[in-house]
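Q: Here's the letter readout for the chains.
Number of protein chains: 2
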Amino acid sequence: MSDALNRRIVLAARPNGKPTPDDFRLEEVPIPSPAEGQVLLGIRYLSLDPYMRGRMSAARSYAKPVELGAVMEGGTVGRVLATRHPDFAVGDIVLSHSGWQTHAVADGAALRKLDPDAAPVSTALGVLGMPGFTAYAGLLTIGKPKSGETVVVAAASGPVGSAVGQIARIHGARAVGIAGGADKCAFVRDLGFDDAIDHRAPDFAARLATACPNGIDVYFENVGGAVWDAVFPLLNEFARIPVCGLIAQYNATGDFPGPDRLPVVMRDVLSKSLTLRGFIQREFADQRPAFYRDMAGWIASGRLRYREDIVRGLENAPEAFIGLLEGRNFGKLVIEVSDN
Amino acid sequence: MSDALNRRIVLAARPNGKPTPDDFRLEEVPIPSPAEGQVLLGIRYLSLDPYMRGRMSAARSYAKPVELGAVMEGGTVGRVLATRHPDFAVGDIVLSHSGWQTHAVADGAALRKLDPDAAPVSTALGVLGMPGFTAYAGLLTIGKPKSGETVVVAAASGPVGSAVGQIARIHGARAVGIAGGADKCAFVRDLGFDDAIDHRAPDFAARLATACPNGIDVYFENVGGAVWDAVFPLLNEFARIPVCGLIAQYNATGDFPGPDRLPVVMRDVLSKSLTLRGFIQREFADQRPAFYRDMAGWIASGRLRYREDIVRGLENAPEAFIGLLEGRNFGKLVIEVSDN
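Quick mapping for you: the protein sequence lines, in order, are chains A and B. Numbering follows the numbering used here, in which position 220 of the first sequence is assigned residue number 247; successive positions increment by one, without gaps. Numbering follows the numbering used here, in which position 23 of the second sequence is assigned residue number 50; successive positions increment by one, without gaps.
These are calculated hints, taken from the structure and not from any lab test. Hints are supplied without guarantee of correctness; some may be wrong.
Because identical chains share one entry, a pair is satisfied inside a single copy or across any pair of copies.
[To be verified] Within a straight-line C-alpha distance of at most 30 Å, the following computed DSBU-like cross-link-like pairs (lysine-lysine) qualify: (1) K45 to K171; (2) K45 to K173; (3) K299 to K45; (4) K140 to K173; (5) K140 to K91; (6) K91 to K173; (7) K140 to K45; (8) K299 to K91; (9) K299 to K173.
Values in this document were obtained by computation on a predicted structure and should not be read as measured data.
Extracted from the complex, chain A is given alone in its bound form:
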């Protein structure tokens, strides 16, 4: 083993609004030993994702919060360093949910073995992992894009948004991406989106309307906030809105000032027969085999591309995560924890 100790980042305090570095604490503890049926993992990659902001708060949500003093939760790719499970050998590379740390023991039953020859193993945290599956299942099961329809997605250079737009195009729809800044918009266009709109532009709403001359049939909601306000008037009758994230409001505190937008939204839900549907990807677990097959095929044929934003060093995870909530990453944000 390359380290004598397990380095880990725990939740030091619950953030009030935006997380700060003081909400995290780096600790060093002894490396644990695997029990029967377990393996010891050296973590290579840690995924940073917006949902983690929710886990830092005590408020009820779809998953339990991280306890104060506990290791921050997160998806990881690791190498088996020691094994007490017959299906795993030292050297195997596996997907686990080991959190923000350099070492972890895990039950063999909770692991998925990765093939380093099939794809870079970090993609199991992105395009071939939870974010890619969120895009795939939410778009196809709830959004149901039809040929010729218009699909809009924000954070379009990120791992979910970039997959949403490309899968929409594969299904014959027009894809319009929203991203922050000229570089990200250029990347989104380069991915094959029909258009990309910079949400920082002062005339963002007007540009979005111009980019959607036939209105919007599917809005894949992963940000909320001002993007929602620009999208909302453009929604067509029978539009579908899969809701998988609201990153713009994750750091909000207290009441939201008026006017109250809910009655107007409900009026259009009624008058336009809109569908708003929240989801967490695990609901669609039975679609994972189809996802792996389709996505791997699209990547292999070059129909679907992705971008990773890899930050080296576990100690940089808090700063990178704070930046993620502000859109400072460019592509799927992954921490390269070690080269164990």
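Given chain A, work out where chain B should sit, using these hints.
A: Relative to chain A, chain B alone:
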């Protein structure tokens, strides 16, 4: 013919907020003559329904507004007084959409013949008509109540709400109705609802929570407003919310004061995987044969009951409609226009 003239009520002015009697005008005009393929109808019953408030406003909605000076829209039951259509004979009783008037010509193709021996013909405007079908299609197609789940509906003594709760029970769900006042609540309980809650009670929200010890799986939304606020925190994971009406906000003018409830609603849409789905019953037209068969069967067997609130005289329609928007009716509101 019993009248020498067609008496009709036209839209005299667009209401600002609550409609007033001055927004309507009673006119007398010559009775029209049917062209080839048409019939002349003497209207017996006129349906009054909340959606008509939308037609009085100029704002875009799912249907065009009534023009100023035009006859108010509405579903009607009439008797054929003269016919130039081979499928209809004088004396036939038909369902039409002839609006607020005593006489009308109509294309034969737009009519549905009613059997006065099968059910009172006024029910074609209520439990066996558009309101009943709204309940049936919205509850079963969007709400999808499962055995043991809890279904909540407001305006539960009205034509839509009373059918929603009873169909939910027929499908094995627990039904909780919300209504205004002790008499309506007693009626709702008498229909077989598991509980009925008076939304005028000062502790309404607490009573609703007590009546739904396992939370709410389906909320059939037809009112909005304060009822929504009481229902919302009780919604379970994967709850379905068919949205077919928002009567509490139809008379609203201008912006709604804060706080902004939308971010909180979106947060729960996401964290609870909620489905919000607006609909207009005509979307589900292919289910009408199943509806007629099921509903007639349930009525015949006594499993589903209904109540009509019949007001005599076309001239009383404006006052009755204004009262409908305030919940003053008790059961399906129908104007008995004449005994033509």
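Q: When the structure is checked against the list of hints, which entries are broken? Sort them ascending.
A: 1, 2, 4, 7
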